[in-house]
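Asks: Sequence:
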Amino acid sequence: MIGDQGTSSPGDVATLLRPESAEMPAELASFVGRRRELSEARSLLSRSRLLTFTGVGGVGKSRLALRLAAAVRGAYPDGVRVVNVAALSDGRALTRAVGDAFDLPEEHTCRGPTAVAEALAGARSLLVLDNCDRLTDACAELVLALLRTVADMRIVATSRSLLGVFGEHVLAVTGLSVPEPDQPVMPKTLLRYEAPALFAERRAAIQPGFRIDADNCAMVAVLCRRLDGNPLQIELAARRPVPTIEQLVQRSGDRFEFLATQRTLVEPRHRSLRALISSSFELCSPRAQEFWARLSVFPRDFDLAAAEEVCSGGRVDRAEVLDLVTELVNGSILLRHDYDGQPRFRLPSAMREYGRERLAARGDERVFLRRHRDWCLSLARRAEAEWPTHRQLEWFARLHSEHLNLRAAIDFSLATRDEAGAGAELAAALGSYWIASGRLGEGRRCLDRALTLLPTPAAPRAKALRAATVLALLQGDISAGLPLLAEYRTAAHDLGDRSEIAHAAQCSGLASICQADFEQAHRCLTQALAEHRALGDLHGVLAALVLLATAAALAGDGDRARTLGAECVATSQALGEAWYRSYAQWAIGDALWQRGEARQATELVQDSVRLHRHFNDWLGVGLCLGLLAHTAVDGGEGERAAQLLGACRAASRKVTCGRASAYRFSHGRGLRCAGQARDLIGSSAFTVAFSRGTELSHSQVLALVLGAAERKPKKVHPATENACDTILTPREHEVARLIAKGMSNKQIATTLVISQRTVGSHVEHILCKLGFTSRSQVASWLARSGEG
70 MIGDQGTSSP GDVATLLRPE SAEMPAELAS FVGRRRELSE ARSLLSRSRL
120 LTFTGVGGVG KSRLALRLAA AVRGAYPDGV RVVNVAALSD GRALTRAVGD
170 AFDLPEEHTC RGPTAVAEAL AGARSLLVLD NCDRLTDACA ELVLALLRTV
220 ADMRIVATSR SLLGVFGEHV LAVTGLSVPE PDQPVMPKTL LRYEAPALFA
270 ERRAAIQPGF RIDADNCAMV AVLCRRLDGN PLQIELAARR PVPTIEQLVQ
320 RSGDRFEFLA TQRTLVEPRH RSLRALISSS FELCSPRAQE FWARLSVFPR
370 DFDLAAAEEV CSGGRVDRAE VLDLVTELVN GSILLRHDYD GQPRFRLPSA
420 MREYGRERLA ARGDERVFLR RHRDWCLSLA RRAEAEWPTH RQLEWFARLH
470 SEHLNLRAAI DFSLATRDEA GAGAELAAAL GSYWIASGRL GEGRRCLDRA
520 LTLLPTPAAP RAKALRAATV LALLQGDISA GLPLLAEYRT AAHDLGDRSE
570 IAHAAQCSGL ASICQADFEQ AHRCLTQALA EHRALGDLHG VLAALVLLAT
620 AAALAGDGDR ARTLGAECVA TSQALGEAWY RSYAQWAIGD ALWQRGEARQ
670 ATELVQDSVR LHRHFNDWLG VGLCLGLLAH TAVDGGEGER AAQLLGACRA
720 ASRKVTCGRA SAYRFSHGRG LRCAGQARDL IGSSAFTVAF SRGTELSHSQ
770 VLALVLGAAE RKPKKVHPAT ENACDTILTP REHEVARLIA KGMSNKQIAT
820 TLVISQRTVG SHVEHILCKL GFTSRSQVAS WLARSGEG
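So for the sequence shown, the working numbering puts the first residue at 70; every next one is plus one.
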């Protein structure tokens, strides 16, 4: 037993720490999910003596820590001790609670952390300190004393912030898994996600017979996403006495009132979501509280530069932003993840809503929403200006990562007439992005809303009319596109703006292509091209060349199509862009196919698909699929042709959102191709293969198109070969030559004294520009050009 001087021997401690004194709290409900986290936690605990679970309130840190303790208790002869720090008032109470958990006499517990540690010197046990948030410093002091003195003790802590003790390993606990917003869900697949599985189990407890079925699975997925997969919020929502899931989703809008309970048997900190988040807010410094409120204008994630641009100023200095982000990350207010190798951050939705309330209470909500919108507008302007350059892929990836921010900025601007001009400019500046990302319908909805608010005539309205016209025509919605075009032409001439007049002629050419009037298209587009060149508008030049090549190919003028297409390819390669080039190669391929060069057309269009795969452009991919179906039929591959036609149909539907086909100008050719494929394999086999094609995912479509081609070296077609001299920048040529020598990215970085990330970016641009998929193809290309 422990002696009068407060010391003890290992044998005394073993006698003192009776197994029956180490009983774990009983679980009141089943434990759902967290297999990955438990496995990772066991691994971390085997390598470290202090493991801290961090995360927002209600995310399940305590349950996970207790489940971990129960799983490993057999490894600790002296048992597991659990101390709930949330119920304690100060450091002295904490020391007494830990002493009581180990049955230490009061003479040790009243003398502080060092005395408790010395009394437990021989203990082989696991201590769980749960809910350390309000006593972080006291917990850190006690933990440090225990780790220094009790060699065989391991400690698991749960806290919204780090303890900050040397040697601390951290496991950030996030929400339970949920399906992505654009992912289709079915009852069986939905239950593979942890959050819906938890909801279903808890809902069945108050509504016997409840199960996820075809009628409610979509709403369950929406609810779980809206609640960030947070277990506490899901449990509170599941137990609300609301008859349908749709009503749960509707009422979850005011989550702070909706997710609350008055039951006295529930822990006070878990009775109100507002109280839970308020406690996190109070733990932050005043500057961090202000910063938290400002960050709420971001609808989801953002990077450090965006936070500095939007949320600094006044009481928050720009130089403080990094420290404030760090404080909020360490306090489990901000969640961090990496996107394309760069850190991004987000406020969980409940934290964001709480911050927005605080921002509104300060009278700053519109100020920072406007700053957020202006930041998005600046981003879109720069992306538009640099779209036809070597930075195109970089800008597409950036806009894709900021999509929710862009959409929120447009929504804010179009909520009032006073801000509508900026909203219209933002939506119009994203014109190429709407197409390249496959979001034509979303772009049109934004532009249509803007046009209802904007006065006429005005420059922002003209630009919005141009973008709306293009998107409507590309969707095959001629009945809507032609009136927009007529108004746009009038507005452009009324403004006397040469650039808009040139673009109006270009839109007229696009409308003529959609109506199969290829002679009129040629006249309009030739006029537009000349004016774009005079004005130095690279966007306009590339688009006009693509449309001219398309019109020529569809009119059966193969020579002109190849000449115009090759000019566009050469210009694109000189600029380092890929998107317009992909369309030009399709037009050249179409001309080659009509001339009977099916194999050459197939190779060139496969290259086009390789370029398209860096985007999400279902319009361009669909055009390629349709042409490849023709070349497949010519080669006697009826089943492949049927699959490609099915995939083309699915792509068209993604583009048109249920309207008439975007490829109406080639509708007759498609019917002939389908008839030829049926003749080759029979109607039944055609129907099966066509149906299979409609169900292919994006990656499966790419595999269908490129699978055979990827197994052999790529050939550069003569139509584009002469343009290769100007494809790469001087730096990219350097990187390409080192690739040809067999160097890795790390070796190239060392040789050129640049970062590996920069090398990776160069390699990606080289592969994209050349339409290649492997480094060996780069070496072969250099050899052919005499540089190998």
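It should be emphasised that the hints constitute simulated quantities derived from the structure, not laboratory data.
Because the structure is a prediction, the values reported are computed rather than measured.
Treat the hints with care, since some could be wrong.
[To be verified] Pair by pair, the computed Cβ-Cβ distance ranges are:
hint	residue 1	residue 2	range
1	A454	L821	23 to 33 Å
2	D392	P174	36 to 46 Å
3	T827	A454	35 to 45 Å
4	T595	S470	30 to 40 Å
5	D206	A430	46 to 56 Å
Each residue gets a CB set at the ideal place from its N, CA and C atoms; glycine is no exception.
Asks: Honestly, which of those hints from before does the structure not fit?
Replies: 3 and 5
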